[in-house]
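Residue strings, one per chain:
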Amino acid sequence: MKRTIRNVMLTLCAVAMMAGLSWADTLKVGVQAPITGSYANEGQGIENGVRLIAAQINAKGGVMGKQIEVIPCDDQGTAMAAAICAKDLVNKGVSMVIGSYTSTCAEAAQKTYFNAGVLQTSDGTADSLTEHGYWTFLRNSFPNSAEAAFAANYMVNVKGYKSIAVVSDFSSYAAGLAEATIAEIKKAGGNVVTYAKIKADSQNFTPVLTNIKSKKPDVIFFAGYYSDGGQLRAQQKALGIKADFIGGDANDNPDFSKLAGSSAQGAYIINVPSPDALPYDIAKTFIADYQKTYGMMPPSIWGLMNIDGMRAIIHAMEHNQSFDTKKAADYLHNMDKPLEGITGSISFAKDGNRKGGAYVVKEIQADNSYKIVHAQ
Amino acid sequence: MKNLERFGFPAFIVVMAILPNLLNSRWQAVAITFLIFTVVALSQDIILGKAGMFNMGQALFFGMGAYITAILNSQYGWPMLATIPVAIILPAIFGVLLAGPIVHLRGDYLLVTTIGFNIVFVQVVQNNLGGVTGGPNGIFGLDSISIFGTQLTSQISVYYFAFAVLLLTLFVMRNLEKSKAGRALHYLREDQLAAESIGINTRIYKIFAFALGAGIAGLAGTVFATQYSAVSPEAFEFIQSVLFFSIVLVGGSSIPGILIGVFVMFVLPEIFREFATWRFFIFGFAMILAMILRPRGIWPASFGKIPKFLIKESNHGA
Amino acid sequence: MDIFLQQLANGLTIGSMFALVALGYTMVYGVMKLINFAHGDMVAASAFVGLTIYTQVLGQATSLVAVIAIFLLAAVAMACVGILLERLAYRPLREAPRLSAVVSALGASLVIQNGIMLIWGPQMRIFPELVPQVYWDFGGVVISLIQVIILVLSLILMIALYLFVEKTRMGAAIRASAIDQDAARLMGINVNNVIALIFVIGSSLGAVGGLFIGLYYRGITFNMGWQYGLYAFIAAILGGIGNIPGAMLGGMLLGLFQAFIAGYVSSTWADAFTFILLILILIVRPTGLLGERVAEKV
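Protein chains in written order, with numbering that gives the first Met the number 0: chain A, 0 to 375; chain B, 0 to 317; chain C, 0 to 297.
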């Protein structure tokens, strides 16, 4: 019995290896995105965008004569599913992967892509994504540290807050943004009076806020998601804490104002501009095409950033006249002239981070609309 | 029944041995998870079914094994296979330490306490205690198992690894049934007072059941970490324990019952993936219905070697 | 000191919500010796039913009468669901092994939770701001109108329940059924009616708890029932399960414990501390704080 099993196993291993060598005559592009789950609309936005740009490129003759084949995989926004997707896409022989939406899912898949030499471009903003030294990873958004520097400058130099309280949850995105912001505030000479962590979705934040109240901060900077942020803002008001409230980019959602109710007015949110505010011609054309094809606006700027990442990789391959992923990465890490992108000019630092930043501060008005009060 | 044991069991092994070659990669993944969950459900059966202790925290030991393998591999560079002994022994020791103070508790209190252990465990790994658990993300990019220098990277090889672990577990379970410890557990589940009065140290045997169940679940954890090359806190939430708890009770505390239980509770929902939003709704009804129609499970445990006419009278306890 | 008092006020608010939900667990357990795992999901369902009553039935009216109507209608609706639950999922299993009823309860929990998801969707829904955001500042301790409403209404309901169980004939029937169902039956008590009554009371108190969650936190999700159900269940055990004043005491103590742990020790480890407290209490005093030491056949 045991011998049979071993023989079967060895045979099958051999078969598997042979399959890996099979010839590819299309350029396979994987999409790893939360197509179902809590972030489904963002994930579908990424997939739709990639399919649209792939169709546009294919219509013009493809990439160096090869047609693009899009292979999607649903990571459901969970780390485990992301790990499975990574193995699956690598087995299917993709040479690049677009996505995922959340930093956690991108990070869960990173090492698998690195081991297989598959390029990965994600809008995940957690700084840890580029700290492993994987040459395969290219960030098409701006890292938390860029947002942190902008937020710290706004709080310390523009608004002149004397004492700052920072709150985050445990996710790698939120904790990373909070820690980076604290470091930047200290660098700018500001004073962080407390750093508190909350459990996401736990609803009752009054014990933490009560502690914050005793520190008498001028402002509360919240680095987590809108579903907690709205409740945090409401409970802050209910406890009579007079401080201003500034939310990080993940608070930029209409539900924030609904949750906070009448307390929403006057809260600030820091984020990159929304798709309709992009001034570039290439953006206007692409968004018009997107609306024509899918009958709606792209859900957010994040999907467009992913498409810029994909365009950059294809640009590098065409420039090199080679599908070699390592050569493409080398080119992108040393670009002398940035590529014109949908979300602004795009170029990468040696560690795979996108260079630059384009943040704005929005203030929530009485009718829950935004007013841009400060821009980078 | 006898015939079924004689022919059904080898038939099952043969079918399972050739199965992965007939499946595509998605169903291979489902089949591997089926094997792993069966092992965990069998380990849960030792504690819940055989010893009769209301344990709703089995995902704790499962997760502990997975995390031990992941931490030793990613942080200390141990080969995956070398982590197996630790992934069995450490959960078993924890099983003894945790069970020690609580085995005397009445059924429902034990249930809540074990839920508590499970939730504390998840919070510990989420809060990244000692900086080795990777926090809410978990640990990714583990090595694959290598035997004699051959890397078992393909899904099929992971399948056979999981299958070997299942066969080992079934072997342990069969021996347990026939051993002194197995009989002792059976008596104490049927009637603790009577078991004590004939000189069985119930406390020791209950703790033994916990330790054995924890060790096997830990081993299953290693296989789980191998399959995904990753571990993450959400895979070991106490809701998973609820699943294992339900598998044993819906299936019935017997090996065929547990296989049916895992199939019904895990593979069927995978088959009906298209009805993703409806499946747990229907599934809840199915659980209620199964209990109303077969309160002792779909395939309840037989009473071993005791003649039928003797057991007719005593149908209390379960 | 004002920080301490503020945490005390917060803890009592949360605690009274736990207590209301815990009563549902403890009453069912007292008579049926069954952990009604579906109770937490009933609490969640009540918040969604309340939301629908507000938008569909009352046309988004925000008067005091509208709020009272939401509470009454949601309580009636959940009482009906409670009776249905008992009839379909628990009554057929009354003679079956204890664990079968536990699995049935878990199944019922899945049905209700996913039923909410099918009807109202998987995303977070937002409860209207029905109670105006009014605050009073007592020398640094801020109390909001909604906190006062939750605390006062919970206390009234709990006292009313206590008097009902201790002073009325129906209350006596409940107590008798909790001690010995067979004996109660011999005394001419219709135990089926008593159990139905318990589900009506427990579910409508849970419904009030669910609406408090909606009004206080505003954001409601289909799977939030597990969290509140688990805490409330711990509260019931802390106080001694089956014991009505025990559930009230347990809820209040758990609310205070969580507020002080999160406030003074660590909000990150609050869950772990809650369960360590529970485990310690069970080891030292297995029947809870007010529970009687019952010698039960194992």
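Hints are supplied without guarantee of correctness; some may be wrong.
[As the list claims (entries may be wrong)] Below, in silico cross-link-like pairs of lysine to any residue (SDA-like), each with a Cα-Cα straight-line distance of 20 Å or less:
hint, chain 1, residue 1, chain 2, residue 2
1, A, Lys198, B, Val119
2, A, Lys91, B, Ser24
3, A, Lys65, A, Lys91
4, A, Lys215, C, Trp135
5, A, Lys158, A, Ile240
6, B, Lys177, B, Phe162
7, A, Lys241, C, Gly139
8, A, Lys257, C, Glu94
9, A, Lys198, B, Glu233
10, A, Lys241, C, Pro131
11, A, Lys214, C, Leu4
12, C, Lys32, C, Glu94
13, C, Lys32, B, Glu233
14, C, Lys32, C, Ile178
15, A, Lys291, A, Gly116
16, A, Lys257, C, Trp119
17, A, Lys215, A, Ser201
18, A, Lys214, C, Ala271
19, A, Lys198, C, Trp268
20, A, Lys257, C, Pro127
21, A, Lys336, A, Asp350
22, A, Lys91, B, Asn20
23, A, Lys241, C, Tyr134
24, A, Lys257, C, Ile178
25, A, Lys241, C, Ile178
26, A, Lys257, C, Gln122
27, A, Lys198, C, Gln122
28, A, Lys215, C, Val140
29, A, Lys196, C, Ala271
30, A, Lys215, C, Asn222
31, A, Lys198, C, Trp119
32, C, Lys32, B, Ile291
33, C, Lys32, C, Asn222
34, A, Lys91, A, Ala58
35, A, Lys326, A, Ala58
36, A, Lys257, A, Tyr369
Keep in mind that the hints were calculated from the coordinates and are not lab data.
Hint by hint, here is what the structure shows:
1. A:Lys198 <-> B:Val119: Answer holds: A:Lys198 to B:Val119 is near 14 Å, not above 20 Å.
2. A:Lys91 <-> B:Ser24: holds, 11 Å
3. A:Lys65 <-> A:Lys91: Holds. A:Lys65 to A:Lys91 sits at ~17 Å (cutoff 20 Å).
4. A:Lys215 <-> C:Trp135: holds, 18 Å
5. A:Lys158 <-> A:Ile240: holds, 18 Å
6. B:Lys177 <-> B:Phe162: violated, 23 Å
7. A:Lys241 <-> C:Gly139: holds, 12 Å
8. A:Lys257 <-> C:Glu94: Distance of about 49 Å is beyond 20 Å: violated.
9. A:Lys198 <-> B:Glu233: Satisfied, since the Cα-Cα distance of roughly 14 Å is no more than 20 Å.
10. A:Lys241 <-> C:Pro131: holds, 18 Å
11. A:Lys214 <-> C:Leu4: Satisfied, since the Cα-Cα distance of roughly 16 Å is no more than 20 Å.
12. C:Lys32 <-> C:Glu94: holds, 12 Å
13. C:Lys32 <-> B:Glu233: violated, 31 Å
14. C:Lys32 <-> C:Ile178: holds, 11 Å
15. A:Lys291 <-> A:Gly116: Measuring from Cα to Cα gives roughly 36 Å; hence the hint is violated.
16. A:Lys257 <-> C:Trp119: Roughly 17 Å separates the two Cα atoms, so the pair holds.
17. A:Lys215 <-> A:Ser201: Distance ~24 Å between A:Lys215 and A:Ser201 Cα, so the pair is violated.
18. A:Lys214 <-> C:Ala271: Violated. A:Lys214 to C:Ala271 sits at ~26 Å, over the 20 Å cutoff.
19. A:Lys198 <-> C:Trp268: Status holds; Cα separation ~10 Å.
20. A:Lys257 <-> C:Pro127: holds, 8 Å
21. A:Lys336 <-> A:Asp350: holds, 17 Å
22. A:Lys91 <-> B:Asn20: Given that 20 Å is the threshold and the Cα spacing comes to 18 Å, the pair holds.
23. A:Lys241 <-> C:Tyr134: holds, 13 Å
24. A:Lys257 <-> C:Ile178: violated, 49 Å
25. A:Lys241 <-> C:Ile178: Violated, at roughly 54 Å.
26. A:Lys257 <-> C:Gln122: holds, 14 Å
27. A:Lys198 <-> C:Gln122: holds, 19 Å
28. A:Lys215 <-> C:Val140: holds, 14 Å
29. A:Lys196 <-> C:Ala271: holds, 15 Å
30. A:Lys215 <-> C:Asn222: Measuring from Cα to Cα gives roughly 35 Å; hence the hint is violated.
31. A:Lys198 <-> C:Trp119: violated, 25 Å
32. C:Lys32 <-> B:Ile291: Status holds; Cα separation ~18 Å.
33. C:Lys32 <-> C:Asn222: violated, 25 Å
34. A:Lys91 <-> A:Ala58: violated, 24 Å
35. A:Lys326 <-> A:Ala58: violated, 26 Å
36. A:Lys257 <-> A:Tyr369: holds, 14 Å
This entry does not satisfy hints 6, 8, 13, 15, 17, 18, 24, 25, 30, 31, 33, 34, 35, going by the numbered hints stated previously.
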